[in-house]
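Protein chains: 4
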Amino acid sequence: MTRKLRWAMVGGGVDAFIGAVHRHAAALDGRYELMAGALSSTPERAQASGRALGLPEDRIYDSWAQLLECERARPDPVEVVSIVTPNHLHFSVALASVQAGFHVVCDKPLVHTATQARTLEKAVRDAGNLFAVTYNYSGYPMVRQAREMVLGGVLGDLRKVRVEYHQGWLAREDHGKQAAWRTDPALSGPAGALGDIGTHAEQLLGFVTGQDVASLSAELTTFVPGRAVDDDANVRLRLRGGARGLLTCSQVEIGRENDLRLAVFGTLGTLSWRQEEPDVLVFDRVDQPRQWLTRGGPGLGQAAQAASRLPAGHPEAFIEAFGNIYRDFAAHIRAREAGEAHTPTYPTIRDGVRGVEFVEAALSSSRDGGTWVDLPG
Amino acid sequence: MTRKLRWAMVGGGVDAFIGAVHRHAAALDGRYELMAGALSSTPERAQASGRALGLPEDRIYDSWAQLLECERARPDPVEVVSIVTPNHLHFSVALASVQAGFHVVCDKPLVHTATQARTLEKAVRDAGNLFAVTYNYSGYPMVRQAREMVLGGVLGDLRKVRVEYHQGWLAREDHGKQAAWRTDPALSGPAGALGDIGTHAEQLLGFVTGQDVASLSAELTTFVPGRAVDDDANVRLRLRGGARGLLTCSQVEIGRENDLRLAVFGTLGTLSWRQEEPDVLVFDRVDQPRQWLTRGGPGLGQAAQAASRLPAGHPEAFIEAFGNIYRDFAAHIRAREAGEAHTPTYPTIRDGVRGVEFVEAALSSSRDGGTWVDLPG
Amino acid sequence: MTRKLRWAMVGGGVDAFIGAVHRHAAALDGRYELMAGALSSTPERAQASGRALGLPEDRIYDSWAQLLECERARPDPVEVVSIVTPNHLHFSVALASVQAGFHVVCDKPLVHTATQARTLEKAVRDAGNLFAVTYNYSGYPMVRQAREMVLGGVLGDLRKVRVEYHQGWLAREDHGKQAAWRTDPALSGPAGALGDIGTHAEQLLGFVTGQDVASLSAELTTFVPGRAVDDDANVRLRLRGGARGLLTCSQVEIGRENDLRLAVFGTLGTLSWRQEEPDVLVFDRVDQPRQWLTRGGPGLGQAAQAASRLPAGHPEAFIEAFGNIYRDFAAHIRAREAGEAHTPTYPTIRDGVRGVEFVEAALSSSRDGGTWVDLPG
Amino acid sequence: MTRKLRWAMVGGGVDAFIGAVHRHAAALDGRYELMAGALSSTPERAQASGRALGLPEDRIYDSWAQLLECERARPDPVEVVSIVTPNHLHFSVALASVQAGFHVVCDKPLVHTATQARTLEKAVRDAGNLFAVTYNYSGYPMVRQAREMVLGGVLGDLRKVRVEYHQGWLAREDHGKQAAWRTDPALSGPAGALGDIGTHAEQLLGFVTGQDVASLSAELTTFVPGRAVDDDANVRLRLRGGARGLLTCSQVEIGRENDLRLAVFGTLGTLSWRQEEPDVLVFDRVDQPRQWLTRGGPGLGQAAQAASRLPAGHPEAFIEAFGNIYRDFAAHIRAREAGEAHTPTYPTIRDGVRGVEFVEAALSSSRDGGTWVDLPG
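Protein chains in written order, with the UniProt record's numbering: chain A, 1 to 377; chain B, 1 to 377; chain C, 1 to 377; chain D, 1 to 377.
No wet-lab data here; the hints were simulated from the structure.
There may be inaccurate statements among the hints.
Capping the alpha-carbon separation at 30 angstroms, the derived lysine-lysine pairs in BS3-like fashion look like this [what the hints assert, rightly or not]:
#, chain 1, residue 1, chain 2, residue 2
1, A, K4, D, K4
2, B, K122, B, K4
3, C, K4, C, K122
4, C, K4, B, K4
5, D, K122, D, K4
6, A, K4, A, K122
Being a predicted model, the structure only gives us computed values, none of them experimental.
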């Protein structure tokens, strides 16, 4: 193993949930060293967080703009910037980071509008940087296994796919800071549950099936009185490969924690996976007993094995899956430095763009009473 | 316990799945004695089946018309006729049975058209007979518990309900006799999966929530090439009480056996139930640990206890739930004889009518691309 | 199907749990007609119960002795007597019933002492009657499947077997009538949990492995103060075929309902089954993904299919398994009448004797601090 | 957060399972920096592993003795040494490390004999160093929750505890390098499964109940022909607080991955936990519905919350639990530097000593046919 990548965060102060997740994920395999940060939009909190994380005094920045400027000017600048701010800042920070020459890891949903998304995608292409979007659920080994099986034809022709994402933590009006910005359209973007978790579901579906959403009919609902964004969505899908789909997500289902589920149905069989029991992939074939494929267990392909760190029965979970995104991103950076080819397994800016287009189409469909809306090809 | 009810079956020869279920269910509590039958539309098979079941020679009939006529003429006629033929015969046999003065147990879906359904409902009202439709899943004790809790306000105001019914046995084109008639519109009616299992889901939803479907938007799909009816359906619902709903059903999900699930979401909590683990009802409340309510276990109400035969941990299942329909129907007949009031817990002709109206509305909506269709009030 | 068997019960008044179970089980397949009973040792309750069950007035008996005497004298005597009294009466009633020429179904544990058991076994042999002991758990289809697989060598050489039976309903001192007689040695016999549920576990183990217990080392415990019998047992086993075993049972594990589990381990694989999810048999083989075999599903052998009534996913449970014992007992009686051979799948007097010998050996071992005790060969 | 602890490993070359686990666990929270290593007993592999891990050239050592000597001589020596060699080296390396003044993290089982264990314990006491034994399962948040509830009296008086540890990976004779040293008494110590996984079970039991094993009766078995150590154990326990216990472990149960389970039974309730679903703790109380406590969910105490990194439903697993051991060890070192009190939640040398005493007693009991053996007080 060579030198660790020099790494900065924008957002992710010590009391932010997702910032800590990124730090654990990046730390897990020892390929990143956090060296700089603009960890909060409030300078005092940015300073306090930087010190708490042990950053060098001179690399604790009061703003992301300052971070980009000062780091560019250093002889040993950071190489990767992770953006873990509320959504409304993603576009500006990501665009500036890309244009400043940094590789970027950005949280989802990528940006607020498809126009922003395509602008950013073009900037990435122009700059030639690497760009990851942390659709972390595609990092689970058994999700990788599902993709390998589906693309390998194990299920025959795909007929339908169902992806569900159930949460309950926004069932009440008041749920603290994490809830506040996620239900404020100025910060979260025009979608609520659909943007926050529906985009995860959409990306997972595309990752496993290899088929994008061609068109959709959506019904978005706001159950909690006074909420300015949707907290529940139900989307019928037609995929480019001809399969049909159903995507549902909700944040008002009391008792559901982080209940993301995927089921893919083909002419020859079915695969089923649940995020809360992530080491298992259930495999059904016509007229055969059900099989349980387990991470680390017998019968797995290369993709799952490469994404796994422990033997069977020693469970891996959320941070390890998230870490797989960071690990592969580091590998891509190092491969590029070495002039070697590397096929990313991490979600790229393309996934990010598709997610934003999906949200826009669903909002449009729902406004029109569930009419079918095509997505850009 | 008084004398057993004298009972006849139309349909349900020895090789028919559902006929045997009715016999087990009716036998379980010793309140019915099978005394007559027109067990097949083929006289030879009707005779063979009747003998195999030990019916008296003179009460094995070659046709249902003969059965009704001869039984009426006897001094000791049967009191209850169960109709377990393919769907296309339900209307004629039920109407004639009602008009002949028999109490009727009829399988679902009730009939092919809403017009038939309402005609039959009127005949029942005019005749003053009792009429049960074997929506058997509402017979499960923990479904009864769910209804009692929901109607008692335990979940607060209902926000949404999701009912799913997944099967895989029709994923291939050729699946034998049981499949053949269910995919022939002349025999099964205009709907496939939606009629066969979607109506169960619709009735279950109404039973537990106490709210009927007010309007719907449906997408029906036929995945198996050459099939003349839908084998998959996805229906958005608005209920009369204001809740939203999602009903999905499919018979092409390989590996799913009889995976009927219900989840009811309110402002205060959630109830979740699965038919394949029927003795458990999962209860979630805001900011409380999840509870598992079990049949026979602590914390149950009167409805579940009345529908239960065994202590906790001694599982009850499909036949026992089905038997609860038959047991309560017998109790109603006896109560009426005794001049006593009886509130049925079994599904009545009203449930049957609603199911047919639901199917008609869904077919109409789907033909029109998923437009919203109102149901009769 | 021919005429139903004329059937009597000793014990099993309307408020007794196990009597109702026998009635449901016998009713399920329509092969028995309850015609006589001595349903309680208290004449008033015997009469009330008999009337409630609709027995003919002249066949409601005040004592089992009267029942045997009067039925023998009738032209149409009952053919089968089921004994569902508290344990202390099993020996007298069973012996007299056998000697009076009736076929007998007797609850478990068979009798109080091995001497009684062997006396009764000899009487059965001398009389030539049929005798079933309702070790009902061996009636589950997936238990039959396990036996077929184990005896067919699918697991290779057996190494060990673990059978566990966990209940919690006797965790407190006061648990009502069902508890009272089960913890009174005069009524239940010298063992408590070991006799009540440990014998089920022992029989299940022998049924599935085809190997009897050769020797054992037991630790019995009485956790509840003042209780006169064990409420918890832990027994190391050596089986005749060379496998080792562990049998544990308890009635003081709060929250456990009727948690009977079996796992059989061989050189090639493992089978695992749980009574509370009885339609599933988990099958593990070396270096193969886990398989779920389900009742009614693909990959089952003849034994499971013969014991099943419904398609996959339509759960069967306790009463159906119990009914399989009754159904096969009826088939044996009818086969014998017809002069045909019949290999019983129901547990016979032999199983009953072994259970009593097991209890005696375990009591002896535990009294001696867990010393190894051989069982009769 | 202050400076990271300077850290070395003895053992744990790049192809060793457990070394990588320690590195992931220590990396997770950013409190250790791996700076030196004697990663293999083969110098070439030690060098290759050190380079692969990015260690400075001058701190890649060919032997543990060299590591201790050279690090002591540096101005910036490592502060913590983790010992992840095969078991036979634990004693020498740990003793020398302690005597050289390093804090030590040592894998389990601690050493081969109770005499060694007590010698080492005395050395730790004399040196005043900190010493952790990586009984990692006690690091799971819901295990911490169970301990807090049990010690807080939620279960009433403890009656019994059952801990089971089932694996199947040693069911065959040949299982590669990981198996080889574990079944060679010269390397693994006198016990096989009992040492490798039974000690985990014993520590978990003591951790959760707060009661040590007072005496035991053991039956160890070697199922695989030619194996020199046990691969299966069954141990009856009496705990110092009066509770009874059962500990079973096996490595020949085909299909079992890492199936560690704990159930604690008291006069008021039961707690149940499974390592393969580690975020759930099942809580049963007399006459109350079962509760599911989940990591991050409602109703948890301080101990579980302190050991958790993610919200409910975002699963944590093996590495996170292991990381809790490392994190608390770092906290203890820093607290000591700061002159602050710190109550360790990580397992200490005392746990290690008890584990070795447990193994010795069990071996002795089993050799004598299961006789009861007292453990040192």
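Results of checking the hints against the structure:
Among the hinted pairs, K4/A with K4/D is consistent with the structure: their alpha-carbon atoms are about 16 angstroms apart, no more than 30 angstroms. Between the alpha carbons of K122/B and K4/B the distance comes to roughly 29 angstroms, so the proposed pair stays at or under 30 angstroms and holds. Straight-line distance between C-alpha atoms of K4/C and K122/C comes to about 29 angstroms, which keeps the hinted pair within the 30 angstroms bound. A distance of roughly 16 angstroms separates the Cα atoms of K4/C and K4/B; the hinted pair therefore holds under the 30 angstroms criterion.
Between K122/D and K4/D the alpha-carbon distance is near 29 angstroms, which keeps this suggested pair within the 30 angstroms criterion. The hinted pair formed by K4/A and K122/A meets the criterion: a straight-line CA distance of about 29 angstroms does not exceed 30 angstroms.
Every hint from the earlier list agrees with this structure, and none is contradicted.
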